[in-house]
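Chemist: Each chain is listed here by its residues.
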Amino acid sequence: MKQQKNTYWTLFWSTFQLSAFTFGGGFVIIPLMRKKFVHHLKWIEEEEMLDLTAIAQSCPGAIAVNASILVGYRVAGVPGALITMLGTVLPPLIIISIISLFYAAFRDNAVVSMVMSGMLAGVAAVICDVVLTMGANIFKQKKLLPIFVLAGAFCAVRLWNVNIILIILVCGALGAANLAWSTRKKNQEGGEVQ
Amino acid sequence: MINLQLFWSFFQIGLFSIGGGYAAMPLIQHQVVELHPWLTMTQFADIMTIAEMTPGPIAINSATFVGIQIAGLPGAIIATLGCVFPSCVIVLALAYVYYHYKGLDVIQGILAGLRPAVVAMIASAGLSLLVLALWGEEGQISLSHLDWVAAGIFAVALVVLRRWKPDPILVMAGAGAAGAILYHFL
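Each protein sequence line maps, in turn, to chains A and B.
Letter 61 of the first sequence, counting from 1, is numbered 61 in the working numbering, and no numbers are missing.
For the working numbering, add 1000 to where a residue sits in the second sequence, where the first one is 1.
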């Protein structure tokens, strides 16, 4: 019983700290989690962590939240998953709550406004950088379908105001159909199926 | 009522933001700026900026921010719960499948199909932010209305990011400092 309580507490405190000090989104938190849970606590195998990362990235929602749910589930079942989720969600909840208290008062300040304008241009640059990198990876595959989907989805959302959720559903179905089609083709050719 | 709307909006954001990181951004914009009159485009840009400067996922940061603006602390908690609820269910279901069957092929296929669409949608939302940064809320896009300071900061930041790949937080801090100095003196 005491042992179990300790496990829960360690799960909560580890994820709380990771979440509180991880700037820059989900892809940063994964290596840190690996360090904590694979190398330091030795609760999860190296190989398994890779699979868990793949699942975290495949599921909807924030990668950091997904990854901690998986780690919690692996170590202590569903209660563990709920505890690690809480540990991951609390720091941003607390930090942003505090910031919003000051937001209304600070936003009208001239200096704050200048800093925010500058940072907005910075955010636009960061997102532009992300899009260029991700876009380049898609063009590098040299396949027609992904490029077609990229162009089609951009037009749909930007020019034709198609609902984003509809685009996601259609493109997901397209991906599944493409996989099914290429697996069938491979099987018919009698070639080696990976 | 408003709490229910908050929960439902962020539930959809949580459910359909696939691919992590900025994938949630276009969905948040759609739900809280276009569909519901909860935030102006400037406030949305502010929360993206704040999210970039603080730890934690963008979706959770936005849920807390929007929730607290609309319905106080309970709103923040409800919006955050709505946001993580779909993840929780789906991740646990997949974890179960993984530990029992070890098969994730179909999901990989769906993901491969989604990736280019996610890039396109992030590009579109990013473009909205860029227009806001360079031309302001009225959005009259012409050379005479261009905010040259913002354009300069954007160009320099982008070159620095592409060339040296620094931590984005440093770039943001630099852009903020440059904004304070340049807008003050120009």
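Please keep in mind that the hints were generated in silico from the structure rather than gathered at the bench.
Mixed in with the good hints, there may be bad ones.
Said to hold, decoys possible - Some chain B residues close to chain A (C-beta under 10 Å, calculated; not the full set): (1) 1033; (2) 1051; (3) 1054; (4) 1140.
Here a beta-carbon is modelled for each residue, glycine too, at the ideal position from N, C-alpha and C.
Chemist: It remains to establish, for every hint, whether it holds in the given structure.
Modeler: Hints and how they fare:
1. For residue 1033 of chain B, the interface hint is violated, since its Cβ never comes within 10 Å of a Cβ in chain A; the closest pair sits about 12 Å apart.
2. Because the closest C-beta pair between residue 1051 of chain B and chain A is about 8 Å apart, less than 10 Å, the hint holds.
3. A distance limit of 10 Å between C-beta atoms decides the matter here; for residue 1054 of chain B the minimum to chain A is near 5 Å, and the interface restraint holds.
4. Against a cut-off of 10 Å between C-beta atoms, the interface hint on residue 1140 of chain B is violated, since the closest Cβ of chain A lies about 17 Å away.
Of the hints listed earlier, those the structure fails to meet are numbers 1 and 4, in rising order.
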